[in-house]
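Number of protein chains: 2
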Amino acid sequence: MEIVLLGTGAALPTRQRWPSATALIRPGEILLFDCGEGAQIQFQQAQLKPGKLSKIFISHFHGDHFYGLIGLLTSLQMQSREKPLHLYGPHGLNAYLEFMKKLSHFTFGFKIMVQEVRNLSEKKVWEFENYRVTARPLHHRITSLGFRLEESPKSGRFLVGKAESLGIPEGPLRGKLQKGETVVLPNGTKVEPSQVLGPERPGKKVAICLDTKPCANAIHLAKDADVLIHDGSFDDSKRDWAETTGHSTVVQAAEIAREAGAKQLVLTHISARYKEEDEPELLEQAQRVFPNTILGHDLERIAIES
Amino acid sequence: MEIVLLGTGAALPTRQRWPSATALIRPGEILLFDCGEGAQIQFQQAQLKPGKLSKIFISHFHGDHFYGLIGLLTSLQMQSREKPLHLYGPHGLNAYLEFMKKLSHFTFGFKIMVQEVRNLSEKKVWEFENYRVTARPLHHRITSLGFRLEESPKSGRFLVGKAESLGIPEGPLRGKLQKGETVVLPNGTKVEPSQVLGPERPGKKVAICLDTKPCANAIHLAKDADVLIHDGSFDDSKRDWAETTGHSTVVQAAEIAREAGAKQLVLTHISARYKEEDEPELLEQAQRVFPNTILGHDLERIAIES
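Chains A and B are the protein sequences, given in the same order. Numbering-wise, numbering that gives the first Met the number 0 puts 35 at position 36 of the first sequence, and it's gapless, one number per residue. Numbering-wise, numbering that gives the first Met the number 0 puts 210 at position 211 of the second sequence, and it's gapless, one number per residue.
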C-alpha cells in the first residue's frame, strides 16, 4: 500500500497546504479519505489514475473535508467513467449530491453508491475483498468519523528449506502449496501447506483520524496501526484553542499514537498559522513523545511495505 | 485596471488550467467573475488581497463556474471579514448558499448581499460609483450571463498651456478647475473648467463572455471593449462540437472581437484536450481573424492603462 497526502491543510487552505484529502493506493484501486476543495487537481498533480478510484470516505461535513467532492465526481463523468463509485460518510451525502446535481444540471452516467452512516455513535464496519474499513465517531465540534483500514491476514511465507527437505520439486507443486492447497508428490507423499508455510502474517493497518480532539476511539482505530494519520492542527502551546475548536495539538496526536502502539504517525490538518520555518518545532514537539513521527506535506508519499 | 486570469480551463480542469475565475482589480477593490473550484487558492497564488474582494459575479451554474464559491466565502469568514460582500448571478444563488451553510454548519459574520437575476432574457444593469456592470444572456446549453464593466467617462486632461495663457497661477485654483469647479482669478476673471480641460475621456471597458456560442449579445457586451475575455474552448476544426456543447472556437471568438470593435481579445475556457504544444496553433487561428489576441494562462495579468 501507499499513502499519498493530497491535502494536509486545515480549515483555511494555503498555497502549500490544501484542504483535507488522503489517497490510499491498494492493488488495483485507490481509496480517498476526505475530499476538500481542489482534491481533483491534487489527484492529477500526484499523477494518480482517476479510473482506479473506487471508494471515497467522508469524515464530516465541515467544508474543508468535502467541498471538492462534487467537482471530483463531475470530472470523473467527463472522463467517461462507467464503473460504479462507492461513497461512505455521514447522513447528508445523498442530499448534497442531489442538490448539486440539480443546481448544476448534471447527470451521472456511472452509478454512485452512497452508504450513509446514520447512527454516528456506533462503530460501523464495511467488509471488502482482502480488507475491511471500520468507522468510529471521533470527538470534534460536529461528529466526525475516523477510519481504519485493515488488510486481511496474509498466508505465511514459503519456506524453501522445508520444501527441499520434504523433496518437493520446484514448479507448480510449490505454487499450489503457496496458495494453500494440499498436494501429492510423485512418490505418493501428501504434503499440507502448513508443512512448508511460515506463520500467517497480519495484514497492514492504516488509521485516519480527523478532525478530532484526543479521544478513545482514535486509540481504538489506531491500535497497532502501521501508519496513523492524525489531526495535528496546532503546536502544544495551543491546547486550549485545540480544545475549543475540537482539534488536537501535535503532542496530543503523538500521545494517541504512543498509546495505540502505532508504528508511525503522520501529522496532518496543519493550521495555516504555521509557516515553513515553524515546522521543525512542531515536529520536535511530537517526536519527543513519539519518535517515529513525520509532519505531512501535500503530495508526499508514504509507502507501507507488505 | 488589471485583469488577473485565475482559471482559464474548461469543464475538466488540468494541472495548468483550473476552472473559470477572472479577477478584475480596480482602485480599492477586486471583482471576481466566476468562481470555479480552487479559485480561492489561485487568489492566494496571485497574491491578491482577500480583504479587497467586493463583488462576485457568477455567469451560470455549471460546476466549473461556481464550485469554488462556498470555499472562498467560508475562507473569507475565517479571515475575520467584516465588510459586506456582494454576489450577482442567476436565480439559485441564495438556495445554494443556504443549503451549503446548513450542511457545513457554517455561519457568516459578514453580510452576503445576493442579487439574483430572475429574468435571464433581459439586460440587467448594476450601477456603482465610477462604473457600471451590465449582464446579458449568452447562448449556452443553459442560460449563462455575459458581463461588461464600463467605467464612467473621465474628465479631460488639464491643459497646462491653456492655463498659463489664461494667467491661472499654479496651486489650488488649478486643482479646483481639474475637479470641474469654476474659479475666480485674483484679477476677478471667471474661468470655467472647459476652458482648461481637454475633451472628456471615455471610461475603460472590459467584457467577459463565457460560456457561449457566438451570439449577438456577446457583440453588444464587447462593443468597443478594451479587453474582451471570451469562451475559446476549441480549435476551429471543432465547430460542430462547439455548437453541440454551446461553446465557441477560437476563430468564432475572434470574429466576435472583430465585429464588436474590441481592442484586445483574451481566449479562455480552453478545453483540457489541448496541451502546451497545441497552443501556437490555437492562437494563430484566432490571430488570422483578430490579430490582437492572446491565449490566456492561469495567473497571467493583463494591464488596462487608464
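Keep in mind that the hints were calculated from the coordinates and are not lab data. Take these hints with a grain of salt, some might be off.
Calculated cross-link-like contacts (lysine to any residue; reagent style SDA-like; alpha-carbon spacing at most 25 Å) [to be verified]:
1. B:Lys100 with A:Leu119
2. B:Lys274 with A:His90
3. A:Lys123 with A:Thr13
4. A:Lys100 with B:Leu298
5. B:Lys274 with A:Ser305
6. B:Lys100 with A:Ile141
7. A:Lys48 with B:Leu96
8. B:Lys100 with A:His90
9. A:Lys100 with B:Thr13
10. A:Lys48 with B:Lys189
11. B:Lys48 with A:Gly50
12. A:Lys237 with B:Glu97
13. A:Lys101 with B:Leu298
14. A:Lys100 with B:Lys51
15. B:Lys101 with A:Glu121
16. B:Lys212 with A:Leu102
17. B:Lys100 with A:Lys161
18. B:Lys101 with A:Ile141
19. A:Lys48 with B:Asn118
20. A:Lys274 with B:Lys101
21. A:Lys101 with B:Glu150
22. B:Lys51 with B:Leu119
23. A:Lys161 with A:Tyr273
24. A:Lys48 with B:Glu258
25. B:Lys101 with A:Val116
26. A:Lys100 with B:Lys274
27. A:Lys101 with B:Gly245
28. B:Lys82 with A:Ile303
29. A:Lys212 with A:Tyr273
30. A:Lys48 with B:Gly245
31. B:Lys100 with A:Gly50
32. B:Lys100 with A:Gln43
33. B:Lys101 with A:Thr106
34. A:Lys101 with B:Arg140
35. B:Lys237 with B:Glu258
Since the model is a prediction, treat every value here as computed from it, not as a measurement.
Against the structure, the hints:
| no. | hint | in the structure |
| --- | --- | --- |
| 1 | B:Lys100 with A:Leu119 | holds (21 Å) |
| 2 | B:Lys274 with A:His90 | violated (41 Å) |
| 3 | A:Lys123 with A:Thr13 | violated (33 Å) |
| 4 | A:Lys100 with B:Leu298 | violated (29 Å) |
| 5 | B:Lys274 with A:Ser305 | violated (38 Å) |
| 6 | B:Lys100 with A:Ile141 | holds (14 Å) |
| 7 | A:Lys48 with B:Leu96 | violated (32 Å) |
| 8 | B:Lys100 with A:His90 | holds (16 Å) |
| 9 | A:Lys100 with B:Thr13 | holds (22 Å) |
| 10 | A:Lys48 with B:Lys189 | violated (77 Å) |
| 11 | B:Lys48 with A:Gly50 | violated (38 Å) |
| 12 | A:Lys237 with B:Glu97 | violated (33 Å) |
| 13 | A:Lys101 with B:Leu298 | violated (31 Å) |
| 14 | A:Lys100 with B:Lys51 | violated (32 Å) |
| 15 | B:Lys101 with A:Glu121 | holds (24 Å) |
| 16 | B:Lys212 with A:Leu102 | holds (22 Å) |
| 17 | B:Lys100 with A:Lys161 | violated (65 Å) |
| 18 | B:Lys101 with A:Ile141 | holds (13 Å) |
| 19 | A:Lys48 with B:Asn118 | violated (43 Å) |
| 20 | A:Lys274 with B:Lys101 | violated (32 Å) |
| 21 | A:Lys101 with B:Glu150 | violated (37 Å) |
| 22 | B:Lys51 with B:Leu119 | violated (29 Å) |
| 23 | A:Lys161 with A:Tyr273 | violated (56 Å) |
| 24 | A:Lys48 with B:Glu258 | violated (44 Å) |
| 25 | B:Lys101 with A:Val116 | holds (18 Å) |
| 26 | A:Lys100 with B:Lys274 | violated (29 Å) |
| 27 | A:Lys101 with B:Gly245 | holds (19 Å) |
| 28 | B:Lys82 with A:Ile303 | violated (48 Å) |
| 29 | A:Lys212 with A:Tyr273 | holds (19 Å) |
| 30 | A:Lys48 with B:Gly245 | violated (29 Å) |
| 31 | B:Lys100 with A:Gly50 | violated (32 Å) |
| 32 | B:Lys100 with A:Gln43 | violated (29 Å) |
| 33 | B:Lys101 with A:Thr106 | holds (24 Å) |
| 34 | A:Lys101 with B:Arg140 | holds (15 Å) |
| 35 | B:Lys237 with B:Glu258 | holds (21 Å) |
Hint violations for this structure: numbers 2, 3, 4, 5, 7, 10, 11, 12, 13, 14, 17, 19, 20, 21, 22, 23, 24, 26, 28, 30, 31 and 32, all remaining hints satisfied.
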